Amino acid sequence: MAALRDPFSFARLAGVVDAEPRPASVDHQALTRLYEDHGGKIHRFLRDLLGDGALAADATQETFVRAYRQLGTFREGGAIVPWLFGIARNVSLEVRRARSRAARVIAPPSGDLPHDPPGPGSPETELLSREALRVVDGALAGLSEDRRAMLLLRLDHGLAYEEIASLMGFSLAKVKVEIFRAREALRSVMSAYEAGTGEGGVR
Amino acid sequence: MRSCPWVESVEELALGKVGGSSAEALRSHLGECDACALAFVELEEERALFVRRAASAPPPPPLVLPVEARAIDVLGAARRAMGGHSTLAAAAAILAFVGATRLGATSRIASSPTSTDAATGSADAIAADGPLASFRPREPLSCAKDEASAACAVSTSALAIAEPNADGAPCESDDLLMSRAGAATCELAVTSSTSRQ
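Order-wise, the sequence lines are chains A and B. One rule links them: number in my numbering = place in the first sequence (from 1) + 110. One rule links them: number in my numbering = place in the second sequence (from 1) + 13.
No wet-lab data here; the hints were simulated from the structure. If you're wondering where the values come from, they're calculated on a predicted model, not measured in any experiment. Some clues are possibly wrong.
Every beta carbon over 12 Å from chain B, so not counted as near; a handful from chain A, in silico [stated by the list, open to error]: (1) HIS148; (2) ARG206; (3) ARG211.
Computed from the model, here is a short list of chain B residues facing chain A with C-beta under 10 Å [stated by the list, open to error]: (4) GLY32; (5) LEU43; (6) ASP47; (7) ALA48; (8) ARG60; (9) PRO71; (10) VAL77; (11) LEU78.
Computed far set for chain B versus chain A, every beta-carbon distance over 10 Å [unchecked claim]: (12) CYS17; (13) GLY33; (14) GLU37; (15) PHE63; (16) PRO74.
Every residue, glycine too, gets a C-beta built ideally from N, C-alpha and C.
From just these sequences and the hints, can you work out the full model?
Listed below in C-alpha cells is the structure:
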C-alpha cells in the first residue's frame with residue numbers, strides 16, 4: 111500500500127504540504143482537496159458512463175479510494191486529472207461487468223440523468239434547453255461505451271487526444287477517429303432536433 | 014477528417030486550452046482557413062452544450078475516507094500521545110483500528126451517502142472530531158494494575174495512556190500500557206456499538 115509506505119506523498123501530490131509535513135490528518139486534507147477539485151467531474155463522467163446516479167456515486171467514491179491506494183502507479187510529474195479519469199474508467203468497467211453478471215435490467219443511460227438547465231429564462235427557453243440536454247443525453251446513450259467515454263473526455267473534460275489515448279489504452283489514431291465519429295453522430299442528432307424544433311418551436 | 018494541420022490547435026482554442034500569443038495567432042488563422050473556422054464554430058457549439066450540461070449535473074456525494082487514511086490518522090495521534098513509545102503507539106492504534114474494523118465501523122463503500130454514514134458511524138466520529146476523539150477517558154486514570162485486567166469495563170483509553178497518573182507521576186509499566194491499549198480497543202467497540210444503535 112503506497113499510502114502506508116509514505117503517508118505524506120499523497121499530500122505532497124495534492125499540494126497540501128508545504129515545507130514540513132505534519133503528522134496525521136494531512137492525508138485527509140490532501141484527499142479531501144483532491145476530491146473537492148476533481149470529484150465533480152469524475153462523478154459526472156461516471157454518471158454519463160454508467161447512466162445511473164446511485165452507481166455513479168459509489169463508483170466515484172471507489173475511484174478516489176483507489177487513487178489513494180494506487181498512488182504508487184502515479185508517475186512523478188504526470189498529470190493527475192487523466193490519471194484519475196483512467197481509474198474512474200476502470201471502475202466503471204468493473205461496475206458494468208458486475209451489473210451484467212447480476213443480470214439486472216439496465217435502463218438506457220439517459221433514463222436516469224435528469225438535467226435541470228441552469229439560469230433564468232422564459233419557460234419556453236427553459237423547456238427547449240431541458241429538451242436539448244435530453245437530446246444530448248440520448249445521443250450519448252446511442253454511442254458505444256468506449257466512443258462515449260472518449261467524446262466526454264474530449265468535449266466535456268477537455269483532455270488532450272494523447273491523454274485520452276494513454277488512459278484508454280488505444281492508439282492516438284484510433285482515439286482521433288473515434289472522437290471524430292462520435293462528434294459526427296452527436297451533430298447529426300442535434301441537427302435533426304434543431305430541424306424538428308424549427309424557429310424556436312418545440313417538436 | 015479535416016485537412017488543415019492547424020485544426021487540432023484550433024480545437025484546443027475552442028476548448029479554452031490555448032491563451033496568449035498562441036491564441037492570437039490561431040484566431041488570425043481562423044480568418045484565413047475555412048476548414049479551421051468551421052471546426053472552431055462546431056466545437057464551440059458542442060462545448061457550450063456540454064458546459065450547460067455540466068452546470069446542471071448534480072453534485073458528487075460526500076467523500077468517505079479510505080480505511081488507510083483513517084488508520085494513519087489513528088496511528089499518528091497515538092504516536093503523538095505516547096511520546097517516545099512509538100512501538101506501543103503502533104500497537105495501540107492497530108488494536109483500536111482492528112477493533113473498529115471488526116465491528117464494521119470502517120468502510121467498504123456503501124450504496125448511498127446515507128447508508129455510508131450509517132455504516133461508518135464511529136470511524137467518522139473519529140475523523141470528525143480529531144483522531145482518537147472518541148477515546149477520551151471518562152474517568153481519571155490511575156496506575157493500578159488491576160485496572161488493565163478490567164479491559165472491557167473500560168474506564169481507560171488510548172489517549173489516557175500518555176497522560177500522567179492522578180498523582181502526576183508517569184506510568185512506566187509497558188505491560189500495563191499494552192493492557193490499556195487493549196482496553197482502548199474495547200472502549201472503541203463500546204463506542205461503536207452505541208453509535209450504531
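In ascending order, which of the hints set out earlier in this document are inconsistent with the structure?
-> Numbers 1, 4, 5, 6, 7, 15 and 16, in rising order.
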